[in-house]
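Number of protein chains: 2
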Amino acid sequence: MNSMRFKPETLRKFTVEILDKVGYRGEEAKIFADSLIMANESGVDSHGITRLRTYAERIRHGVVDIHAEPEIVNDADTFIMVDSRNGMGVATCRWTIDRCIERAKKHGSCFAAVRNGNHFGTGAFHTMYGAEQGMLTIAMSNSSACVAPTGGRTAILGTNPMSIAIPSEKYGAMILDMATCTVAQGKVILANKEGKKIPFGWAIDEKGNPTDDPAAALKGAMLPFGGPKGYGISLIIEILCSALTGAYMSPDTKSFWRDFENPQGLGFFMGVLDISKILPLDEFKKRTDEILDRIKNSPKAEGVSEIFIPGEIEQRNRKLANESGIELGSNVYSELVALANEYGVSADILKPM
Amino acid sequence: MNSMRFKPETLRKFTVEILDKVGYRGEEAKIFADSLIMANESGVDSHGITRLRTYAERIRHGVVDIHAEPEIVNDADTFIMVDSRNGMGVATCRWTIDRCIERAKKHGSCFAAVRNGNHFGTGAFHTMYGAEQGMLTIAMSNSSACVAPTGGRTAILGTNPMSIAIPSEKYGAMILDMATCTVAQGKVILANKEGKKIPFGWAIDEKGNPTDDPAAALKGAMLPFGGPKGYGISLIIEILCSALTGAYMSPDTKSFWRDFENPQGLGFFMGVLDISKILPLDEFKKRTDEILDRIKNSPKAEGVSEIFIPGEIEQRNRKLANESGIELGSNVYSELVALANEYGVSADILKPM
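Those protein sequence lines, which keep their order, are chains A and B.
Under the working numbering, the residues of the first sequence are numbered 6 to 358, in order.
Under the working numbering, the residues of the second sequence are numbered 6 to 358, in order.
It is possible that part of the hints are untrue.
Treat identical chains as interchangeable: a pair holds within one or across any two.
Pairs of lysine-lysine residues, derived as BS3-like cross-links and limited to a Cα-Cα distance of at most 25 Å, are as follows [said to hold, decoys possible]:
1. Lys-259 to Lys-291
2. Lys-259 to Lys-301
3. Lys-224 to Lys-301
4. Lys-224 to Lys-305
5. Lys-212 to Lys-305
6. Lys-301 to Lys-175
7. Lys-212 to Lys-301
Hints were generated in silico from the structure; no laboratory data involved.
Use the sequences and the hints to build the structure in full.
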């Protein structure tokens, strides 16, 4: 048996039980579990339940403060500076988006610069939440450095993910959720393990030359997506998330995976626009649907079976996951059973469908 | 003699004189001339004085209304809907950014959705203006369709340019100004004229397959920069500039170059954040400079002589243009002399340096 299927609710419950053992409880822990399992539901397993152990260990080591309450340290009505105070990233972002929505409902817009943050998980979790309330929502974060600027050869920029969600009726929220590097470095690590080549364009070697050798790429750096334009976007995210917030710049942030002594010190930039303040939300959704229909129904390139809109595949995966469960490999299942045993949680919770 | 050099002031004066002949005068015309010649100063000649004839003809035909005054048609303090009323794009954008700055100075942020617009010229002109006043500034526009969505084979999306400017001390404003397609379609047209191949990745043929044949590419469509991620960004610009504003979607907008009967019907999305409301502007600039220094001073890839930050080359060009003038090819000069004669302006104004 190489894989098993689980109801999303089963995995959420398991997550909540593990977090309970490290003292993380209540509404916040539930929201965190939602965010983690949403990644699995969306088919983005890399950001899902396989990360639970690391989150739990970070809490156990006290390197992230589950009791911290975010604070608005500078307040200009519709532009605020938030100090996460080293709280959980997901909780900080939910808290911040809630404040932004509250203010946008009064004034139309609100944006926030957040410092002293920890990994915010899947950006789409935060922007979808805003879009479901009729808000155009943006969220971005800096992160450990692994990307070289165009023309450079050392990793200075983070993967610097960005998510933007736009309310639509027919398609649910349209959600772009992307790192600003070509692909996740994990794919290079995997290719290296498996002795496979990587496509040219993903990464450079230590001299800054394009390479298809994953070992050489790991000594070099990843590249921004889309050449100099993607580099520009990544750099803007860097500035918004560190110069503006006072958080570390990406190369100075601490590793989520390896550093259990120092807070990560990440910065986020997020904000919302309340569409209904300048036109009826239904009208906006209808117009957005017309654009998306036009894209979906346009002639396809040879060999292409369907044109997708951003986030559509993940949305379809979520629907499937709720109907027929989330598939986990037997190795991931074994990891979770081991985690359950270590934390004194009954592995019986992990009942397959 | 293949080229001549002109003081920027000379070209601005010439532009103002031509516009005067079609009744476009005063402060607005001066600002328009600034925006047009800034493109030449920046080395972006494609958006510079070679476009003057088309702008003048559009005004002469009355397809754009130089007497229009933009109007805020929906007002939520820091999120506004502006009707350009078919006014000049540059004037509308300047007017809109001014309103946004005014409101951001009170509340911290302000964003605007603009409809019934005409070509706004170089996005950097608008965002630089905001950045010079300490604002994080963004401006985007939709445009005639020439880009296929990922997986498609017909042009549905515009070049959908976006500019973001960030105040810095040492580097002036850091300005990203980019179309969201791979390259300007003009480059494909030029390659076709010159019988040259184009790089794979720029465009697709009419079946949607990658091509290096410019003639085939012109029957097909351009591609978004950066694959599906760039497509996602282009689509978001499309939604912000048309679904949100009520402007046409890109394929329905009217051509700046060819349609002298119907208003273009473009949409813009722009906005500002007043940095000084959440931290001292000097501190922000200093932190931004530190990031930019770190990028600039990082080790270079083999064969690379300098790492650039977005907009740095254009900024350097502007400095050079002010020291040693703007170079125009003799063909462009001849065009301007012909334009002068047609409009009854003395070509003597066009005195080379």
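Structure-based check of all given hints:
Within a single copy, Lys-259 and Lys-291 get their C-alpha atoms only as close as 44 Å, which misses the 25 Å cut-off; across copies the closest is 23 Å, which meets it. Taking the closest pair of Cα atoms, Lys-259 and Lys-301 come within 25 Å of each other only across two copies (23 Å); inside a single copy the shortest separation is 42 Å, beyond that limit. Proximity of Lys-224 and Lys-301 under a CA criterion of 25 Å is satisfied inter-copy only: 21 Å between copies versus 41 Å inside one chain copy. When the C-alpha separation of Lys-224 and Lys-305 is checked against a cutoff of 25 Å, the pair qualifies only between copies, where the shortest distance is 15 Å, while the shortest distance within a copy is 40 Å.
Only between protomers do Lys-212 and Lys-305 lie at most 25 Å apart by alpha-carbon distance; the minimum there is 8 Å, versus 40 Å within a single protomer. In this assembly of identical chains, Lys-301 and Lys-175 lie within 25 Å of each other by CA distance solely inside one copy; the values are 12 Å within and 46 Å between copies. Proximity of Lys-212 to Lys-301 under the C-alpha cut-off of 25 Å is restricted to the inter-copy arrangement: shortest distance 17 Å between copies versus 43 Å within a copy.
Of the numbered hints given earlier, the model fails none.
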